[in-house]
Amino acid sequence: MPNDTILVVDDSPTEQRVVVSALQAKGYRVITAADGDEAIEKAGREQPRLIVLDVVMPKKNGYQVCRQLKSAPETQHIKVLMLTTKNQDADKFWGMKQGADAYLTKPFASDELITNVTRLY
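Using our numbering, the first residue of the sequence shown is number 6, and each one after it goes up by one.
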């Protein structure tokens, strides 16, 4: 059963802070992870309602993380918003094919992020 937490996964501390600040300003409870392995571990343990997931990361990329989360019974219900610099149509297609519920590219406007989060949350 998901809780009311959002997990923000990004290996860039600056990008992570921007996303976390935007979400916290709207009252969301946020936890973070800095790589794919940590994201999978925290998703399983914390059962967040939503994951904001970067694609380009060390250890496991966002596509691998999304595919693993969506194929595991204990995490497949968690919504995934990919937030990435990978902005080609093929990138978005591949992200959605891995199970992402939404795909947003960087740079992004805070209101665009919040609109997507609200829709998925």
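Errors might be hidden in some of the hints.
Distance condition first, Cα-Cα at most 27 Å in a straight line; then the derived DSS-like pairs of lysine-lysine [said to hold, decoys possible]:
(1) 75 - 97
(2) 111 - 84
(3) 64 - 31
Beta-carbon label-pair distances, calculated as ranges [to be verified]:
(4) 117 - 16: 20 to 28 Å
(5) 79 - 116: 16 to 24 Å
(6) 112 - 78: 12 to 20 Å
(7) 42 - 116: 28 to 36 Å
(8) 50 - 114: 28 to 36 Å
No lab work stands behind these hints: they were computed from the structure.
Note that the Cβ used here is the ideal one computed from N, Cα and C, for glycine as well.
Evaluation of the provided hints:
no., hint, verdict
1, 75 - 97, "17 Å, holds"
2, 111 - 84, "19 Å, holds"
3, 64 - 31, "31 Å, violated"
4, 117 - 16: 20 to 28 Å, "22 Å, holds"
5, 79 - 116: 16 to 24 Å, "33 Å, violated"
6, 112 - 78: 12 to 20 Å, "36 Å, violated"
7, 42 - 116: 28 to 36 Å, "32 Å, holds"
8, 50 - 114: 28 to 36 Å, "32 Å, holds"
When the structure is compared with the earlier hints, violations turn up for hints 3, 5, 6 and for no others.
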